[in-house]
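Undergrad: Could you build all of it, start to finish, from the sequences and the hints given here?
Residues per chain, in single letters:
2 protein chains.
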Amino acid sequence: MSPTPPPDVLISEVGPRDGLQSVARTMATADKIRWLDALHAASLREIEVGSFVPASLLPQLADTAALVRHALTLPGLTVMALVPNLRGAKAAIEAGVHKLTIPVSASAAHSLANVRKTREDMVAEVRSIVALRNDIAPNVKIEAGLSTAFGCTIQGEVPEDEVVWLATQVVEAGVDESGLSDTTGMANPAQVRRLFNKVRAAIGDKTGAAHMHNTRGLGLANCLAAYDVGVRTFDASLGGLGGCPYAPGASGNVVTEDLVFMFEAMGVRTGVDIAKLLAAREPLKAGLPGEPVYGMTPEAGLPKGFAQGAAHD
Amino acid sequence: MSPTPPPDVLISEVGPRDGLQSVARTMATADKIRWLDALHAASLREIEVGSFVPASLLPQLADTAALVRHALTLPGLTVMALVPNLRGAKAAIEAGVHKLTIPVSASAAHSLANVRKTREDMVAEVRSIVALRNDIAPNVKIEAGLSTAFGCTIQGEVPEDEVVWLATQVVEAGVDESGLSDTTGMANPAQVRRLFNKVRAAIGDKTGAAHMHNTRGLGLANCLAAYDVGVRTFDASLGGLGGCPYAPGASGNVVTEDLVFMFEAMGVRTGVDIAKLLAAREPLKAGLPGEPVYGMTPEAGLPKGFAQGAAHD
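Residue numbers (the numbering used here), protein chains in the order written: chain F, -13 to 299; chain V, -13 to 299.
Careful, some of the hints might be misleading.
Identical copies look the same in the list; a pair holds intra-copy or inter-copy alike.
[As the list claims (entries may be wrong)] Keeping only pairs whose Cα atoms sit at most 27 Å apart, straight-line, the calculated DSSO-like set for lysine-lysine is:
hint	residue 1	residue 2
1	K290	K103
2	K192	K127
3	K290	K184
Since the hints were made in silico from the structure, they are not lab data.
TA: Written as structure tokens, this is what we have:
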């Protein structure tokens, strides 16, 4: 058997964090573990398994440390967790994560409203997290995710120069990569190309993931636009978990299944096994009965004659 | 008041034909007229108002001639109708349409299954329609829409060389433009760019519209890909009418509202008034109560601070 070529893009599955935090009910830990196993079986190689925030704020994610412990047993998986601050980072590192992601608002108004910190204060927090990492766990990777990078429901437009400035700030603070998040579903493909190009001009290969939402139906078009300008890591959520895309104000994460289908159909290797990815919807549905699970490709089925670019075992 | 700049792209609304023919119920003629008026009020400048096929086949569209008569009273509108053959073309020309569109299957198997004609026979039919047009209505435009250009549910892959061959054949037969239709929702952005480039290399500026479906969620990404390689006419259906995108086998037309939002957000002028376009959903809903009407942008609303590129009166 000839060796499988390496993937062209990395699909970073955020459903267990971004998805489950948006669902009112709490999925049982055992069900989450079954879901993680199915996602791993589909050859997803980076999963954001949870968030180290106080359980009082997000009871749905209170079992994140236990999920990290389980995920660490899955071979070849980069185990990632969201941390909002130094305290969360300490807990995540102690739990053994491979990678931290820190949300940093590009919108001044959103930063104050969301974490009651200015952006400068958040950069200082990032610096503290980097210092902690350097001190106790130098192999742990740190990503800053610049939220509201394409627009903000509070202040409207977010000046592109401020996004670029913030990306340079977090890189100077020591993060390994800085991604751009369309938190509010306001991005368009021209803006995605322009802003990623500007950010890459400023921070080079520390430019990180595209985290797109499908709020207004442009999720895949925006991922395509990001791919066109060299982005190679894409956040997505199985079943689009993370808000009904048809509900006003919904977050509407890009659906992993549709994103993987788009890339594979284009001949862009994701390394993900589509058939097993579709199968990973079952433990999600079983763990959250009645919760809407989205995706056009799963409903329509794969096209006749569709052959996935990369061979899977 | 400064003059409005001309649109950068033409949005060709196909809902009254492609949409209504997929709905089991028949919309009353008076309701269709109210809907056409609303579409025209939104500054859509090309509408496919119906299809000249036997009423026994598509009773939903039996009133097409009456709709053409009404549409001809709407200033600035290109009134278009689908015709499957010479008989339909004669009826359409007699009704006074400005433009005919003739579906021609790129897939050999689909052509036989759908119209019981080989592709060569269909090209001969196109030639007869062109001769009729030249004879009795030289100002009427003729478009061939190459259906199943990106794949076929019967035969699977449709060789790109055959699509290019067919495009040259219909142009030699005398059509004014030849568009490419993703009838089955199998297109991907890389293929869209490649195939439109090949077709343009063969038939130049007779390359016509991109008619994309959203069956697997790639509709807007495919429209973006087509725009990237110079396509400037896009078919779309208000409310995505033309099949529930979540039902297996559904046609799932690209949603006009989302497509217009994408382009306008990118700064690509459509000439369409988004607010009035959203308002045009009401007569559609009123005329077909209970029928699913899709669209992410209408549900999410326009983003805070969104300003349409082109000024409207």
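Undergrad: All hints are to be evaluated individually against the structure, with a verdict given for each.
TA: A quick look at each hint next to the structure:
In this assembly of identical chains, the alpha carbons of K290 and K103 lie at most 27 Å apart only when taken from different copies (23 Å versus 52 Å within one copy). In this assembly of identical chains, K192 and K127 lie within 27 Å of each other by CA distance solely inside one copy; the values are 12 Å within and 53 Å between copies. In this assembly of identical chains, the alpha carbons of K290 and K184 lie at most 27 Å apart only when taken from different copies (24 Å versus 40 Å within one copy).
In this structure, none of the earlier numbered hints is contradicted; all agree with it.
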